[in-house]
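K.L.:
Sequence:
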Amino acid sequence: MIAPEIIARRIGAEQQPIAIVDGFHPDPDTLCDAACAASFGPAPRHYPGIRAELPADYFAQVRPALTTVLRDVFGAPRQIDLLDASFSIVTAPPATLTPAQRLPHVDAVARGRIALVHYLSRDHGDGTAFFRHRTTGYETIDEARSADYLARLEAELRGSAPPAGYLNGDTELFAEIARVEARYNRAVIYRSALLHSGAISPDARLDPDPATGRLTVTAFLATA
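Here the sequence shown stands for residues 193 to 416, numbered as in our numbering.
I should point out that these hints are in silico values taken from the structure, not numbers from a laboratory.
Just to be clear, a hint being listed does not mean it is correct.
As the list claims (entries may be wrong) - Per label pair, the in silico range of CB-to-CB distance:
| # | residue 1 | residue 2 | range |
| --- | --- | --- | --- |
| 1 | A195 | E364 | 26 to 36 Å |
| 2 | L398 | R237 | 30 to 40 Å |
| 3 | R263 | T222 | 36 to 46 Å |
| 4 | R397 | T363 | 20 to 30 Å |
| 5 | P256 | F412 | 27 to 37 Å |
| 6 | F251 | A292 | 42 to 52 Å |
| 7 | F412 | D249 | 27 to 37 Å |
| 8 | S352 | F412 | 37 to 47 Å |
| 9 | D219 | T363 | 13 to 23 Å |
| 10 | A367 | A416 | 24 to 34 Å |
| 11 | E245 | G329 | 25 to 35 Å |
| 12 | V301 | P269 | 35 to 45 Å |
| 13 | E364 | A339 | 38 to 48 Å |
Note that the coordinates shown come from a computational prediction; the quantities given were computed from them, not determined experimentally.
C-beta atoms are modelled at their ideal positions from N, C-alpha and C, and glycine is treated no differently.
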């Protein structure tokens, strides 16, 4: 078995760490077979697509790589709690996206939260992009910044909703500061407070079939 390849980067003016892990899962083909056999349904919250349960042994399989990343890139945590994880596929047509789905977002503002996206499309598909809010200069939104950021963003959007469609590159309000390209069995791991979005191209195949769609694992962790 080939050991995962871990690349640590610091991005943007705030120099926040992210980790890119190729070969994240030891048996991605079997994992994809499990996705093809899974029962998908509408995703909760703001995710523009569908999701399904992961195999029970998923985190046991990726724990060696994940533990190394959390220790070496984000600082050795005393405790790691899994908050949520699933297979996920982007399926929503661009014209149906809500205003919030057309903007960068953060997954949590609380300290110690970590997000993971594990790409499983065999033709690679679209990756993940990270952003800076031009007005405030914020690249992360923590508890101290949240109220100010949301008030300024609301003022900017008042009477001028973002264009219909998935975010892909710079906009009037946000500058892209980094992008991780999708690759089969690659994971990107980052602090949940980073402004980010799926980098969904205008001609993306929004296919609900796990064998041909933008299949990922998305997961959220709390560390202390």
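K.L.:
All hints, please: hold or fail.
P.N.:
Outcome of the hint check:
1. A195 - E364: 26 to 36 Å: This hint is violated: roughly 44 Å between Cβ atoms.
2. L398 - R237: 30 to 40 Å: For L398 and R237 the Cβ distance comes to about 18 Å; the hint is violated.
3. R263 - T222: 36 to 46 Å: violated (27 Å)
4. R397 - T363: 20 to 30 Å: Roughly 23 Å apart at Cβ, these two residues keep to the hinted range, so it holds.
5. P256 - F412: 27 to 37 Å: violated (20 Å)
6. F251 - A292: 42 to 52 Å: With Cβ atoms ~29 Å apart, the hint is violated.
7. F412 - D249: 27 to 37 Å: For F412 and D249 the Cβ distance comes to about 19 Å; the hint is violated.
8. S352 - F412: 37 to 47 Å: Given a distance of about 31 Å, which is not inside 37 to 47 Å, the answer is violated.
9. D219 - T363: 13 to 23 Å: 39 Å Cβ-Cβ, so the 13 to 23 Å window is violated.
10. A367 - A416: 24 to 34 Å: holds (32 Å)
11. E245 - G329: 25 to 35 Å: violated (40 Å)
12. V301 - P269: 35 to 45 Å: violated (18 Å)
13. E364 - A339: 38 to 48 Å: This hint is violated: roughly 23 Å between Cβ atoms.
Consistency note: the structure conflicts with the earlier hints numbered 1, 2, 3, 5, 6, 7, 8, 9, 11, 12 and 13.
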